[in-house]
Amino acid sequence: MASLKLSVLTNTISLRKLIRKGIPPTLRPKVWLSVSGAAKKRSTVPKSYYEDLILATHGKVTPSTRQIDHDLPRTFPTHPWLETPEGQATLRHVLIGYSFRDSEVGYCQGFELCGRIVVISNKN
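The sequence shown runs contiguously to residue 124 in the UniProt record's numbering.
In case anyone wonders, no lab produced these hints; they're calculated from the structure.
Misleading hints may appear alongside valid ones.
Unchecked claim - Label pairs and their in silico Cβ distance ranges: (1) Leu113 <-> Pro29: 13 to 21 Å; (2) Ala89 <-> Pro29: 17 to 25 Å; (3) Lys47 <-> Ile117: 18 to 26 Å; (4) Leu113 <-> Gly22: 18 to 26 Å.
Quick reminder that beta carbons are idealized off the backbone N, C-alpha and C, glycines included.
Between the sequences and the hints, there should be enough to build the whole structure, so can you do that?
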């Protein structure tokens with residue numbers, strides 16, 4: 001199962017079997033991107049989209065960024081990677097990026113839980 005074919009992700013029965021057996025950590029990023037629809041959406045934007053969003057939001061302060069900065073240190077303080085400066089910065093970028101991308105929603109407490117899953121499963 002070291003290599004995962006796209007056909008497995010589009011075949012519902014095969015995907016269910018894969019999920020029930022447990023998706024190996026090395027394959028989780030690929031599976032998440034596929035089943036969430038993110039891979040398809042990602043293909044419609046420039047490769048630099050995420051980096052451009054980080055640069056565009058750098059240093060900007062909003063109610064959302066203040067709340068994110070308040071919540072971040074309390075988000076899974078015992079997780080070995082999320083408590084590092086790199087882990088905190090990565091999660092912060094994702095949360096702030098989303099808050100600017102969907103400014104009508106911004107940031108709500110609890111988003112860091114979803115962001116944590118995305119960041120940890122895609123950190124490599």
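How does the Cβ-Cβ distance of Leu113 and Gly22 compare with 18 to 26 Å: does it lie in that range? holds (21 Å)
Would you say the C-beta atoms of Ala89 and Pro29 sit inside 17 to 25 Å of each other? holds (19 Å)
Range hint 18 to 26 Å (beta carbons of Lys47 and Ile117) holds or violated: Between Lys47 and Ile117, where Cβ atoms are some 23 Å apart, the hint holds.
For the hint 13 to 21 Å, verify it against the beta carbon of Leu113 and that of Pro29. Given range 13 to 21 Å: holds, Cβ gap about 18 Å.
Hint check: no violations occur; every hint is consistent with the structure.
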